[in-house]
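Undergrad: Sequence:
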Amino acid sequence: MDTVTLGKTGIVTNKNGFGALPVQRVDDETAVRLLRRAYERGMTFFDTARLYTDSEHKLGLAFEGMRDKIFIASKTGSFTPEGFWKDLETTLSNLKTDYLDLYQFHNPEFCPKPGDGSGMYECMIEAKAQGKIRHIGITNHRLSVAAEAVESGLYETLQFPFSYLASREDLDLVQKCGEAGMGFIAMKGLSGGLINNSAAAYAFMAQYDNVLPIWGIQRETELEEFLSYIENPPAMTPEIAAVIEKDRKELQGEFCRGCGYCMPCPAGIEINACARMSLMIRRAPSAAQLTPEMQEKMMRIENCLHCGRCVSKCPYHLDTPALLQKNLKDYREILAGKPV
Numbered sequence: 001m002d003t004v005t006l007g008k009t010g011i012v013t014n015k016n017g018f019g020a021l022p023v024q025r026v027d028d029e030t031a032v033r034l035l036r037r038a039y040e041r042g043m044t045f046f047d048t049a050r051l052y053t054d055s056e057h058k059l060g061l062a063f064e065g066m067r068d069k070i071f072i073a074s075k076t077g078s079f080t081p082e083g084f085w086k087d088l089e090t091t092l093s094n095l096k097t098d099y100l101d102l103y104q105f106h107n108p109e110f111c112p113k114p115g116d117g118s119g120m121y122e123c124m125i126e127a128k129a130q131g132k133i134r135h136i137g138i139t140n141h142r143l144s145v146a147a148e149a150v151e152s153g154l155y156e157t158l159q160f161p162f163s164y165l166a167s168r169e170d171l172d173l174v175q176k177c178g179e180a181g182m183g184f185i186a187m188k189g190l191s192g193g194l195i196n197n198s199a200a201a202y203a204f205m206a207q208y209d210n211v212l213p214i215w216g217i218q219r220e221t222e223l224e225e226f227l228s229y230i231e232n233p234p235a236m237t238p239e240i241a242a243v244i245e246k247d248r249k250e251l252q253g254e255f256c257r258g259c260g261y262c263m264p265c266p267a268g269i270e271i272n273a274c275a276r277m278s279l280m281i282r283r284a285p286s287a288a289q290l291t292p293e294m295q296e297k298m299m300r301i302e303n304c305l306h307c308g309r310c311v312s313k314c315p316y317h318l319d320t321p322a323l324l325q326k327n328l329k330d331y332r333e334i335l336a337g338k339p340v
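For the sequence shown, our numbering gives the first residue as 1, with consecutive numbering after it.
Bear in mind the hints are in silico, worked out from the structure with no lab data behind them. Keep in mind that a hint or two might mislead.
[Stated by the list, open to error] FRET-style restraints, in silico, Cβ to Cβ:
1) Lys-8 x Ala-322: 38 to 46 angstroms
2) Thr-237 x Arg-41: 23 to 31 angstroms
3) Glu-225 x Glu-179: 30 to 38 angstroms
4) Ser-286 x Lys-86: 30 to 38 angstroms
5) Gln-325 x Asp-116: 16 to 24 angstroms
6) Ala-129 x Gly-181: 39 to 47 angstroms
7) Gly-42 x Glu-109: 33 to 41 angstroms
8) Gly-77 x Asn-196: 23 to 31 angstroms
9) Gly-131 x Ala-241: 43 to 51 angstroms
10) Glu-293 x Gly-119: 29 to 37 angstroms
11) Gly-42 x His-306: 19 to 27 angstroms
12) Glu-109 x Glu-89: 35 to 43 angstroms
13) Gly-178 x His-306: 38 to 46 angstroms
[Stated by the list, open to error] Pairs of lysine-lysine residues, derived as BS3-like cross-links and limited to a Cα-Cα distance of at most 30 angstroms, are as follows:
14) Lys-297 x Lys-326
15) Lys-86 x Lys-69
16) Lys-326 x Lys-132
17) Lys-246 x Lys-132
18) Lys-329 x Lys-246
19) Lys-8 x Lys-69
20) Lys-329 x Lys-249
21) Lys-132 x Lys-176
22) Lys-128 x Lys-86
23) Lys-313 x Lys-297
24) Lys-8 x Lys-176
25) Lys-96 x Lys-246
26) Lys-132 x Lys-69
27) Lys-176 x Lys-96
28) Lys-297 x Lys-249
29) Lys-86 x Lys-313
30) Lys-132 x Lys-96
31) Lys-176 x Lys-113
32) Lys-128 x Lys-176
33) Lys-96 x Lys-128
34) Lys-132 x Lys-249
35) Lys-313 x Lys-329
36) Lys-297 x Lys-113
37) Lys-86 x Lys-113
38) Lys-69 x Lys-96
39) Lys-249 x Lys-176
40) Lys-128 x Lys-113
Glycine included, each C-beta is placed from N, C-alpha and C at the ideal position.
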């Protein structure tokens, strides 16, 4: 069994973490079944957030009475001390617990620090002194904020998108976390669905001893796939290396990660789906992407106002309107039966 120690927190857990964002999409019974099955087969780290609607509630249902057997991480997206304390108390109530193993700032636009005027980091310190949280972390999609958090020495963990499509800067960030004694929690290990070989994704992550991937799970088939890696962890074989190299050539570069921080769009465009359509349609069964409903969504790209809001909010600095237009052009050619 592969394990990882989350930096100076001392948390030791299986290399498979459970990302609980997707369980908000299933009913209570299904969520509880998935979560308990995950624990019974060896998963002990569960990541949720106040912003994930009823995800915390479902973890509370699944793990009431067995708090000492698992690690629970949650997040606050609040930007005020009042909101911080409201979020924390709601989270603890939902999870049916009196403490969190890890509490994280949820993708803030800046790196909270003591004395910065926001009061947010001071809230973390006070919550820790009260015993309501044990460790302090931060999540982000912005490389500059993430790097500042590492350099600050204020955080015990960083949660950041990481997969084998990572850039050189992303790889350097993982290394800097290791050197700083910070745990690195890898979200979007399948790059929002673009990576469809989970064994290759796992083998890539396994090369980094300070990285804990959290896999977003909402189906039993997905769960069983990752659970199988607990007893038989995929290794970096020549065959898997070839898969990774092929995907890097096809997918690395200017592509939408599907994070959704550009939303909502004033023109009603579902940007986080439409801006990655031409890639998704090549890598997943295309029928689901060619339905009348999806065609209608794609045609909304014609209504783009070129207002620049999505560009200003994109943590990856993409030219989103241009990317949307390219995807619409490719989509039309696919509908016409032309190769793209």
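Undergrad: Does each hint hold? Answer for all of them.
TA: So, going through the hints one by one against the coordinates:
no.: 1; hint: Lys-8 x Ala-322: 38 to 46 angstroms; in the structure: holds (43 angstroms)
no.: 2; hint: Thr-237 x Arg-41: 23 to 31 angstroms; in the structure: holds (24 angstroms)
no.: 3; hint: Glu-225 x Glu-179: 30 to 38 angstroms; in the structure: holds (33 angstroms)
no.: 4; hint: Ser-286 x Lys-86: 30 to 38 angstroms; in the structure: violated (45 angstroms)
no.: 5; hint: Gln-325 x Asp-116: 16 to 24 angstroms; in the structure: violated (39 angstroms)
no.: 6; hint: Ala-129 x Gly-181: 39 to 47 angstroms; in the structure: violated (22 angstroms)
no.: 7; hint: Gly-42 x Glu-109: 33 to 41 angstroms; in the structure: holds (37 angstroms)
no.: 8; hint: Gly-77 x Asn-196: 23 to 31 angstroms; in the structure: holds (30 angstroms)
no.: 9; hint: Gly-131 x Ala-241: 43 to 51 angstroms; in the structure: holds (46 angstroms)
no.: 10; hint: Glu-293 x Gly-119: 29 to 37 angstroms; in the structure: violated (45 angstroms)
no.: 11; hint: Gly-42 x His-306: 19 to 27 angstroms; in the structure: violated (50 angstroms)
no.: 12; hint: Glu-109 x Glu-89: 35 to 43 angstroms; in the structure: violated (24 angstroms)
no.: 13; hint: Gly-178 x His-306: 38 to 46 angstroms; in the structure: holds (42 angstroms)
no.: 14; hint: Lys-297 x Lys-326; in the structure: holds (15 angstroms)
no.: 15; hint: Lys-86 x Lys-69; in the structure: holds (26 angstroms)
no.: 16; hint: Lys-326 x Lys-132; in the structure: violated (48 angstroms)
no.: 17; hint: Lys-246 x Lys-132; in the structure: violated (46 angstroms)
no.: 18; hint: Lys-329 x Lys-246; in the structure: holds (24 angstroms)
no.: 19; hint: Lys-8 x Lys-69; in the structure: holds (20 angstroms)
no.: 20; hint: Lys-329 x Lys-249; in the structure: holds (22 angstroms)
no.: 21; hint: Lys-132 x Lys-176; in the structure: holds (29 angstroms)
no.: 22; hint: Lys-128 x Lys-86; in the structure: holds (15 angstroms)
no.: 23; hint: Lys-313 x Lys-297; in the structure: holds (21 angstroms)
no.: 24; hint: Lys-8 x Lys-176; in the structure: holds (14 angstroms)
no.: 25; hint: Lys-96 x Lys-246; in the structure: violated (45 angstroms)
no.: 26; hint: Lys-132 x Lys-69; in the structure: holds (17 angstroms)
no.: 27; hint: Lys-176 x Lys-96; in the structure: violated (35 angstroms)
no.: 28; hint: Lys-297 x Lys-249; in the structure: holds (28 angstroms)
no.: 29; hint: Lys-86 x Lys-313; in the structure: holds (26 angstroms)
no.: 30; hint: Lys-132 x Lys-96; in the structure: holds (12 angstroms)
no.: 31; hint: Lys-176 x Lys-113; in the structure: holds (19 angstroms)
no.: 32; hint: Lys-128 x Lys-176; in the structure: holds (25 angstroms)
no.: 33; hint: Lys-96 x Lys-128; in the structure: holds (18 angstroms)
no.: 34; hint: Lys-132 x Lys-249; in the structure: violated (46 angstroms)
no.: 35; hint: Lys-313 x Lys-329; in the structure: holds (24 angstroms)
no.: 36; hint: Lys-297 x Lys-113; in the structure: violated (41 angstroms)
no.: 37; hint: Lys-86 x Lys-113; in the structure: holds (20 angstroms)
no.: 38; hint: Lys-69 x Lys-96; in the structure: holds (14 angstroms)
no.: 39; hint: Lys-249 x Lys-176; in the structure: holds (26 angstroms)
no.: 40; hint: Lys-128 x Lys-113; in the structure: holds (15 angstroms)
Checked against the numbered hints above, the structure violates hints 4, 5, 6, 10, 11, 12, 16, 17, 25, 27, 34 and 36; every other hint is satisfied.
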